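One line per chain: the protein sequences are A and B, in this order.
Just so we're aligned, residue 33 is where the first sequence starts under this note's numbering, counting upward by one.
Just so we're aligned, residue 33 is where the second sequence starts under this note's numbering, counting upward by one.
Do not rely on the hints blindly, as some may be mistaken.
Put simply, identical chains are the same to the list, so a pair is met inside one copy or across any two.
Unchecked claim - In silico SDA-like pairs for lysine to any residue, Cα to Cα no more than 20 Å straight-line:
1. Lys205 - Lys221
2. Lys212 - Gly85
3. Lys241 - Leu206
4. Lys60 - Ile255
5. Lys221 - His98
6. Lys94 - Ile74
In case anyone wonders, no lab produced these hints; they're calculated from the structure.
Predicted model only: the values in this text are computed from it and were never measured.
2 protein chains.
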Amino acid sequence: MQTILIYSGGIDSTTLLYHLLFEGHVVKTLSVDYGQRHLGEINCAKDIAESLGVEHQVADMKGISHLLGKSSLTSPDLAVPDGHYKEELMKQTVVPNRNMIMLSVAVGWAVSHKFDTVSYAAHHGDHAIYPDCREEFAQALDKSIQLADWHHVSLHRPFVGMTKADIVTLGIKLNVPYEKTWSCYKGRKYHCGSCGTCIERREAFYLSKVRDPTIYEPSAQSINEIIDKSGELVK
Amino acid sequence: MQTILIYSGGIDSTTLLYHLLFEGHVVKTLSVDYGQRHLGEINCAKDIAESLGVEHQVADMKGISHLLGKSSLTSPDLAVPDGHYKEELMKQTVVPNRNMIMLSVAVGWAVSHKFDTVSYAAHHGDHAIYPDCREEFAQALDKSIQLADWHHVSLHRPFVGMTKADIVTLGIKLNVPYEKTWSCYKGRKYHCGSCGTCIERREAFYLSKVRDPTIYEPSAQSINEIIDKSGELVK
């Protein structure tokens, strides 16, 4: 398989990169800069791809961010909310149609290299507040992608049945250097430990019984506080 | 209806703009700058939209053009081929997955304004060399667009059964100022009169029995030469 991987530099897509290489596939990686404040993730993605000898490109989409309304991921005047994803406030982190935009660009790149798939790390834990993470959306988009060019490209989503904890469990076997990955939406020097993605990151290490190598800000909640607050953790 | 119109400033989308306004819809217009050499069309789009009091925005996608391979529409070192679209050479004008990329950005803008449709001027004359102009592609993409957000957006393609000559015939009734529109892929001061889109533009005026108000370069073929060469013209 020759595949373009949508690569954020976070836990899920970094594990998928290692997984695809372990399976012997040819991989090019694509990060999308849509004006998000957590640009550190793109540098993480670049560093990890380079360390593996894998091509990494950035799709600079800042020229469309003025069209996508106010998301706390892109607007300096909206704070990234703290807390678990199930909270209403997290809807502020939705960038409209982000997945279709990213995937359509990746498909264009795949077509130009005659690659056969676009891979991304959609997984079981993806959230209902992001409608473009739903299975029925992915299936419909996959069908249109296969029709978009005479050279067929399809979507590859091998993690779709896995939780984030399952992904970490797999990644540990593949020697994924999680200390080099980035999740936090706030884009400061260290992970804040309190925003939606940080909480999920911490839960994933906790549930997979793996030491979390991340450096969090001193003000971050303790893992025990997060567990107490999160009904979802007790699975 | 509240609609985002993909607006190139050419004959088809300008006629669609006038048609949508005539029908009483609320319209915002979006031009996409993907590094094409015929940037003049974006200025035409801007001028016409402003003259109608319609909002016009540009999605600056030059930051992805390095991913989309060599198309003569974007690469300075590839000449735009002359001649009718049916010729093999015209495949050089394909920008991979261009329609999905443009439409996905327009959908993002539509969602952020709670608009209900994205309109574009797909028509009967669109060509088999552009796979993403096919009906089955549009239908599959429409389905995925409707699933992309809790706020439903769908595609609106009212010209899909019309030829370019039908579109010009409609536009004349709507007083579309065709002299202000731009088609030529070469992006010089005047329309070259010889590239694929220029030939189609000239055919459309000829077939709809309307005076062509376009200024072509002196070296352009005469309309009689174009008609003699084009079997498709005799319909």
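Do the hints match the structure? See the list:
1. With identical chains, the CA atoms of Lys205 and Lys221 are never at most 20 Å apart, being 28 Å at best within one copy and 61 Å at best between copies.
2. With identical chains, the CA atoms of Lys212 and Gly85 are at most 20 Å apart within one copy only, with a shortest distance of 16 Å there and 51 Å across copies.
3. In the homo-oligomer, the alpha carbons of Lys241 and Leu206 lie at most 20 Å apart inside one protomer (16 Å), although the nearest pairing across protomers, at 68 Å, exceeds that limit.
4. Neither within a single protomer nor between protomers do Lys60 and Ile255 lie at most 20 Å apart by alpha-carbon distance, with minima of 36 Å and 48 Å respectively.
5. Proximity of Lys221 to His98 under the C-alpha cut-off of 20 Å is found in neither arrangement, the shortest distances being 26 Å within a copy and 30 Å between copies.
6. Taking the shortest Cα distances, Lys94 and Ile74 sit within 20 Å of each other both inside one copy (14 Å) and across copies (19 Å).
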